[in-house]
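J.: Listed below are the residues making up each chain.
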Amino acid sequence: MTIQLTTPLTTQLTRYPETPSQTGGPYVHIGLAPQQAGFEIFDNNFGNVMVQPDTLGERIRVEGRVFDGSGTLMRDVLIEVWQANAAGKYAHPADRQDKPLDPAFRGWGRTGADFDTGVFSFETIKPGQVVGANGQLQAPHICLILFARGINTGLHTRLYFGDEDLANATDPILNGIEWEVRRKTLLATREQRAGEVVYRFDIRIQDTPDGGKETVFFDV
Amino acid sequence: MSHILSIDGQSGPLGPFVQRDSEAHPPALTPGYKTSILRSPRNALIANLPTLSEMTAPVFQPQELGAKDNDLLTNFAKDGLPIGERIVVHGFVRDQFGQPVRNALVEVWQANASGRYRHKKDQYIGSMDPNFGGCGRVLTDANGHYVYRTVKPGPYPWRNRINEWRPAHIHYSISGDGWAQRLITQLYFEGDPLIPECPIIKTIPSESQIRSLIALLDKDHAKPMDSLTYRFDITLRGRNATWFEN
Chain E
1 MTIQLTTPLT TQLTRYPETP SQTGGPYVHI GLAPQQAGFE IFDNNFGNVM
51 VQPDTLGERI RVEGRVFDGS GTLMRDVLIE VWQANAAGKY AHPADRQDKP
101 LDPAFRGWGR TGADFDTGVF SFETIKPGQV VGANGQLQAP HICLILFARG
151 INTGLHTRLY FGDEDLANAT DPILNGIEWE VRRKTLLATR EQRAGEVVYR
201 FDIRIQDTPD GGKETVFFDV
Chain X
1 MSHILSIDGQ SGPLGPFVQR DSEAHPPALT PGYKTSILRS PRNALIANLP
51 TLSEMTAPVF QPQELGAKDN DLLTNFAKDG LPIGERIVVH GFVRDQFGQP
101 VRNALVEVWQ ANASGRYRHK KDQYIGSMDP NFGGCGRVLT DANGHYVYRT
151 VKPGPYPWRN RINEWRPAHI HYSISGDGWA QRLITQLYFE GDPLIPECPI
201 IKTIPSESQI RSLIALLDKD HAKPMDSLTY RFDITLRGRN ATWFEN
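Protein chains in written order, with the UniProt record's numbering: chain E, 1 to 220; chain X, 1 to 246.
Only chain X is shown next, with the shape it has when bound in the complex (with noise of 0.2 Å):
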């Protein structure tokens, strides 16, 4: 008999992905956010039986990596530290039925304080911190947990309606054990008003589930006298058991 596996297992078959409930994700087509209407397929996907081919994903190591890359304070400090509410996020980075995903990618990025963000197409008043690049990335360990530290990122307005605007937000991607598991999100903050008004996060279709994209204050894990802590976990899609042989 086969047995379910890590991805560190060598004992037997990995199987494939459970698959992904629609339910649970924005559909394509979201008018609300107007940027959706042009860039969605008007043809349903099309669902395959898996292969390999969607059961595996790179690997990365952690030599990859540099040792600043996870610390977005003095990633890309200059002259001194960026200007902004010091804080730790950090959380574990789980499948559907629990199982830690280990050396898992997560990349992160984000505007600083005043909401502007580094990137040649931001034209934002909001002024530039020239301390601050906002992005980093690390490697989940063995027990799926990662941790960064950066500066609270800023609201932002851009153009949706005329006057929208987007609540603190810090852009996730993640990439596991297998590519159907490949996924983008946002993370919100505990309490910001901004989140119940916001069109691309009402493109989520229950409150559950954008209720799982805010992170929430972790003050037990806070370090006095320098930084607050924000608490994220991250589910991705399971891994089946193969029973018998394939």
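Isolated chain E, as found in the complex (with noise of 0.2 Å):
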């Protein structure tokens, strides 16, 4: 049997379609980090260091790997990140918290992984909290969004801090994951290292043969 659905003229008439996505392809960084891919061409390169002598808070680094789903690394990947200031307040208009701008930070950074040893990072400080949907606090989190030959549509995932049980426990996204077994896959490790701070995010596409469980991924 087949049910007729008939579409309202004023929808059709209001709304377009999205562009579809494409994939990156492998020579994403031509067009997103020239100079990766083996050429100078803009003054002004965007890379992953964020923070500028002023910027306030504390300094950390994001490191990390992505991996496929036979364990291997992708080293091809290009990964963006969007985060909030210090005190929790993103550099755009939309954001009306009663907070201070930070003039030193813009919270947005863009890296390739390494093409050796698949290492991916950013420079940059830890964000405070963010209001969330209905007025709940968000944990500190970094926004991370991936792209790379193979992936059809850019991957949305978060860091969250492995070191923020107390935030973390609240943290709206976090508890909107059924399963709590995988709310663990955006924990980033805390390591000190010469003196400096350093978060650990490894991610996985897909299951890992040697144990390691898919990262969540969001539909934002």
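It is worth saying that the hints were derived from the structure and are not from the lab.
All clues given are correct.
Counterexamples of contact, computed for chain X against chain E with all Cβ distances above 12 Å:
no.: 1; residue: I83
no.: 2; residue: G84
no.: 3; residue: N143
no.: 4; residue: L216
Part of the chain X face toward chain E, derived, beta carbon under 8 Å:
no.: 5; residue: L52
no.: 6; residue: E54
no.: 7; residue: V59
no.: 8; residue: G134
These figures come from a predicted structure and were not determined experimentally.
Yeah, the Cβ is synthetic: ideal placement off N, Cα and C, and Gly gets one too.
Both chains are sitting in their own frames, so use the hints and assemble them into the complex.
T.: Right, here's the structure in full:
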């Protein structure tokens, strides 16, 4: 039996379909990280150093790797991050929270994984807490998006901080993950390395043969 | 009462983005595009109520870009002009409700006229062009319009099945008003016979959505005795009005 649905004409008129996504491909660096592709072209390159000398907040390094379903490193992945400043405010006009902007912090960075080691990293600050839906406070987090050959639509995930147990326990997004065992795939582990604070965050696109669990990805 | 707002508007709250229509996009697992098999999640994506984290995005300033950043004919030229078909590509970036997306960062990258990329990892026999870099970027203006100049890229072979060829294409990255709008896609050229065969294009589930990635020859805007023009419009997710206080 066929069910006949009628589409109201107004819907057709008022809403255009979003342009479809396509993979970034293996040479995504040419456009988004040309120095890594192997040439100099722009005077101002966007990169993974998100702090300036007068940026407020605790300096941290975020470091990780991305694995495919065979456990192989994805060395051609491109990653962008978006986060609030140390006070928990985003540098964007839609953020109307009554909190100070930090003129020395944009909150955005971009990098490719290293072609040899597969490691990606960002030099940033630990973000403050931002309000969530329904007024609930979110735990400190960094939004990540992954683009690569084989990924048809950019994959969204979030990095949470493994040493923020209290805030994480009440975070509405983490708690929205029905399968408790999957929540820990979003926790970065804090390490101290030569006076530097490093948060390690490995991403698995699928479960890996060594027992690594697939990272949670979001439909944002 | 609140108003429908553009990003410049200061008169009320900026609402969340409408839900992404998954039917408008390729699924993650598309076995005809072989690399997707090991690079697609097996679990369903998890959906949440939108928060400020997804409703905001980086803001770019015009002075961050160089004067030649949107001119691929000259931004890497060393001792002459690149070889190939001179084209101008332009269009509008709008949201799903037809509102212009202002100050969006549009970044493009592409192969040269031979189908060869300036990238460490590209070993194709097609020749390099010493005067062509292959990337550019531009911010949309107050009407959501963008324009850049380049050479038309050539098709190139790749190893999916052994005799696989990409149609001529230009990669696009668009960063709009909100993290939820972040989009990477590819532009194809009207009339290219490789389009219907391409397994990457065929990841898109509907014919009409495939058509939306095909730039149309825009001869009216060609520059006589200089360059042809293609038109390519982009639609990002729409921002909802918030009729009542959050």
